[in-house]
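Visitor: Here are the chains, one letter per residue:
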Amino acid sequence: MAKKKPVHQTSESGVTRRGFLGSVGAGAAAVAAGVSSRAEAVPEITDPADMVGIALTINGQIHRLLVEPRWTLLFVLRERLGITGTKAGCERGECGSCTVLIDNRPRYACLTLAVEAEGTEITTVEGLLEGEELGDVQRAFAEHDAFQCGYCTPGQIMAAEGLLRSNPSPSPAEIRSGMSGNLCRCAAYQHIVNAVADVADRRKRGGGS
Amino acid sequence: MTDRHDYHVDGTPPETPANDTAAGPWSTTTVVGTRQPRVDAYERLSGAAIYPHDVSLPGMLHGAILRCPHAHARVLSIDTTEAERMPGVRAIITGKSPGTDIPWYENGGAFSGKLFDEICRHEGDEVAVVAAETPHQAVDATRAIKVRYEELPFVIDHTAALESGAPAIHEGGNVVGEPRVRARGDIAAGFAEADVIVERTYRTECQIHATMEPHGSVARWDGNRLTVWDSTQGVFSVQANLARVLAMPLSNVRVIGHYMGGGFGSKLETGKYTVYAAILARMTARPVKLFLPREDCMTSTGNRPANTMTVKIGARSDGSLTAIEYRSLGSCGAYADGAGTGALPTYLYQVANVHVVDTTVYTNAGKARAMRAPGVPQAAWALEQAMDELAAELEMDPLELRLKNIPTTLQVEHNPPFTSPELRACLETGSEAFGWTESFAREPGDGHLKRGVGLAAGMWFYAGGPPSTVVVKLFADGSANVNMGASDIGCGTKTWAAMIVAEELGVPLDRITVEHADTATTQYATPSGGSKTVPSDSPAVLAAARSVKLQLLSFAADQLEVPVDDLSYVDFEIGSRSDSSKRIPVPKIERLGRRGVVLGTGYRDPNPEDTVTFPFCAQFCEVEVNTRTGELRILRFLGAHDSGRVLNRLTFDNQVFGGMAMGIGLGVTEERVLDRQTGKMVNANFHDYKIPTMLDVSASHDCLPIDHPDNAFNSTGAKGLGEPATIPTAAAVGNAVARALGVRITDAPLTPRRILEAISASSSRDNARGSRDAAASRKSDLRSAEADFDVRRESRGEEAPGGVPSRRPSRKEA
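For the record, the sequence lines run as chains E and X. Heads up, the first sequence is in my numbering, so the first residue is 1 and it goes up one at a time. Heads up, the second sequence is in my numbering, so the first residue is 1 and it goes up one at a time.
What the hints contain is simulated information worked out from the structure, not anything from laboratory work. There could be a bad hint or two in this list.
Label pairs and their computed distance ranges (CB to CB) [stated by the list, open to error]:
(1) E/Pro168 with X/Val597: 31 to 41 Å
(2) X/Glu443 with E/Asp201: 37 to 47 Å
(3) X/Pro87 with E/Leu81: 16 to 26 Å
Quick look at which bits of chain X chain E covers, simulated, 3 or more residues with Cβ under 8 Å [claimed, not checked]:
(4) 253–262
(5) 687–695
Source: prediction; values computed, not measured. The beta carbon of each residue, even a glycine, is placed where N, CA and C say it ideally should be.
Starting from the given sequences, assemble the full structure and let the hints guide the process.
Guide: Here it is in structure tokens:
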């Protein structure tokens with residue numbers, strides 16, 4: 001891993017550490033991209049300490065900021081922009097607590113690098129509010145008590161919204177299948193299915209959301 | 001275990017002052033018992049709620065913990081030189097740092113570990129902690145810390161831990177304390193009286209709490225005052241522990257836990273991470289946020305121990321039990337705790353002769369913590385399946401066998417009666433609603449999909465009590481505020497508290513706010529655990545509201561110039577019974593306006609003496625087992641729960657369904673896997689450690705509250721629910737699978753592999769029998785299922801040996 005030419009020299013430990021960090025960053029990026037090659041095989045490596053300027057469109061608002069290439073969308077939302085409705089549960093793409101919509105499709109924000117999300121429309125749970133009122137999925141979650149501790153709930157709501165945008169009339173089986181990427185340890189599952197079915201029904205009757 | 005829970009902070013006898021006036025039970029209710037959406041639904045659903053993990057303070061640093069990668073090792077040296085020079089690093093602490101020599105893992109007044117221990121006794125024991133400007137920098141720095149370990153021999157299996165020559169995890173051997181014995185009567189005489197005896201050994205695997213919000217805290221100092229935001233089930237217990245280890249007055253430690261993302265018992269204990277955050281924040285004069293990554297939550301924040309349980313039951317031919325002998329072995333992990341399961345077999349059924357022994361051992365694994373009815377779902381897995389075996393031997397309906405042995409007292413010396421012995425009601429009303437008798441009579445089916453029903457009963461050994469103090473404030477405009485210290489861990493605490501105030505004072509729910517879970521600004525409460533928040537705190541809420549009401553009545557009597565006992569308080573208005581012209585809406589009471597606020601304080605009255613209060617439950621389910629693939633589908637589940645008065649039917653249902661899901665996890669999907677070669681957890685993530693998803697839980701749920709207010713127990717008549725909801729679940733599934741297959745599987749979880757192995761073993765036995773006796777037609781389908789497991793052995797469409805019609809081509813073949 002020390003084969004790569006260091007991007008910067010530093011006075012104390014220098015080459016090895018910077019090289020190490022560089023390859024770690026590249027390795028992470030390679031894994032995220034689904035590439036299994038070794039870090040050394042990637043020709044251009046961005047030093048993780050080099051900040052990159054990006055613009056993210058979140059809930060219709062443009063946020064311009066500097067990010068490290070290794071920062072996830074989840075980290076940027078929560079720790080840099082203070083948009084904390086999106087929750088961190090596992091930070092490894094397994095629990096679904098961080099689900100957001102990217103161009104209308106449910107995505108795990110913890111597996112999306114912030115730099116990747118540039119140029120997309122990002123919607124978080126805050127973006128489903130109608131003014132200061134709860135949106136229809138959120139209202140249905142309240143009425144059906146489709147949550148307990150509420151921590152996985154923003155992710156559940158975004159998964160439900162994403163499901164309904166691609167399939168406005170899901171069957172109960174399609175709801176279960178479509179929402180099965182979102183874990184709920186309190187297991188409000190039955191009430192979540194009821195809530196999602198209710199929203200689908202209301203949208204059909206009301207001619208859309 | 002179940003009798004010794006630290007639901008009180010320090011074990012001192014609990015007490016709160018007496019109320020001025022006894023708050024009697026309601027005769028009728030209009031709000032309590034209805035289905036009410038949560039009062040904090042907006043915050044939790046809009047993203048506005050700030051959970052501890054969401055807290056972000058100006059200048060805040062981020063912490064990361066370096067943990068031991070070995071199952072058992074001695075730390076020889078720690079070199080932080082390089083890590084200290086890394087970008088963004090502001091402080092690093094180890095066991096050599098000043099102020100870190102703190103005893104940890106308290107159990108029964110003794111400590112079995114330290115904040116940093118030179119001996120790491122499981123993978124995940126803490127070695128060093130870094131605070132840096134960003135979480136990434138903190139993690140980078142932990143990787144740059146150089147630690148030399150001397151690896152030590154380890155033991156991870158609770159049976160192996162007892163063998164001679166097993167590595168000793170603590171001085172004095174691997175048995176924690178003395179084995180606990182519960183005994184009554186004469187066990188030998190009991191078995192001598194029996195016409196039928198069953199005996200078998202059952203096993204459950206280690207289950208992880210797996211809360212969705214990771215464990216963690218944010219700590220900030222203001223001079224000599226410490227404020228901590230903690231994802232906890234009990235702010236006052238965290239306050240007490242921080243004050244102890246940091247040698248501070250309680251009044252200088254403020255712990256806030258307004259929202260928290262799930263606990264299930266794992267957040268009853270104060271975390272080391274909270275103390276690390278406080279120490280690092282003091283060193284750096286900056287707030288410090290320290291949340292654990294998911295992998296660390298899996299290895300190091302508690303679990304429900306694996307248990308091996310041998311149960312032997314004797315009964316007369318009429319089904320009356322004569323004796324129960326029960327031995328349980330489990331491990332609390334590397335530090336002292338309890339892994340006992342013996343309460344349920346001792347007390348669930350009426351039986352004169354009992355001998356129950358619980359042994360807890362140390363192993364080199366993460367320490368156990370109380371997990372949703374600690375010990376009891378495991379015991380139910382063993383006891384309730386043994387009861388079904390006994391029923392089969394007696395040729396009785398399992399429901400009838402249980403109904404034959406219902407206790408009405410707690411079978412200890414003096415036999416104190418239960419204030420609400422509703423086990424019979426749970427079994428009878430539940431079985432009727434489920435259609436038990438018809439369902440149980442049905443055959444499993446001729447095809448490869450076998451159906452079966454199962455039931456199991458349960459009781460929970462805790463019902464709360466003092467201390468609890470609650471303040472209700474009624475403002476001049478008629479809106480109200482409830483001030484209580486309890487955490488709302490997802491059970492809807494704030495909502496039922498508001499409902500009680502709405503019921504008692506007539507204030508609309510949307511004009512009631514709840515302040516809670518803050519040691520600086522709310523009233524004292526014990527942690528939310530043990531299914532005791534409702535029975536401990538709801539009477540205090542009612543007493544506080546009743547106190548406000550009495551003051552309002554007295555003000556109104558003066559204003560209307562009528563005696564108090566002529567007044568009635570209906571909805572939100574006070575009026576004279578004798579003169580209907582004399583009436584006044586509450587917000588118009590002059591002295592309420594002049595005072596600005598009327599404040600009522602309520603206390604939890606003591607529990608009645610010489611009686612015992614427990615919640616009871618029975619659950620019923622139907623499953624379908626695919627004998628070709630070993631897959632298990634849960635078709636329907638019904639929970640009949642006696643938790644006294646139902647406060648909020650909407651959250652009650654949700655709690656029952658959630659408890660069932662966690663029980664399905666124990667019985668079907670979940671298992672901590674430790675590598676035998678290294679002692680490390682190989683599935684420390686949500687991909688490999690399988691908590692139930694929406695596809696794993698029952699396809700249909702029913703909740704049937706018994707809803708008999710226990711007015712002898714407390715003023716609201718409510719008992720606990722959260723833990724009973726998960727107690728019988730796994731056992732009910734086990735019984736249903738046994739009914740479907742005709743084979744009993746003793747070891748949880750019921751994975752496809754385990755189901756196929758059981759089918760295979762059973763049909764091998766049948767084949768052996770079949771060579772002697774050709775008539776094995778009922779099992780023939782199991783044989784074909786075994787063949788299905790190894791498709792190469794059988795060509796498509798061939799007639800199965802037992803004369804079963806040719807099976808349909810499987811998808812693989814088609």
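Visitor: Taking the hints in turn, state whether each one holds.
Guide: A quick look at each hint next to the structure:
1. E/Pro168 with X/Val597: 31 to 41 Å: Once the Cβ atoms are compared, 50 Å apart, the range 31 to 41 Å for valine 597 of chain X and proline 168 of chain E is violated.
2. X/Glu443 with E/Asp201: 37 to 47 Å: Holds - the Cβ-Cβ distance for glutamate 443 of chain X and aspartate 201 of chain E, about 38 Å, lies within 37 to 47 Å.
3. X/Pro87 with E/Leu81: 16 to 26 Å: Taking Cβ atoms as reference, proline 87 of chain X and leucine 81 of chain E lie about 22 Å apart, which means the hint holds.
4. 253–262: holds (count 4)
5. 687–695: holds (count 6)
Consistency note: the structure conflicts with earlier hint 1 alone.
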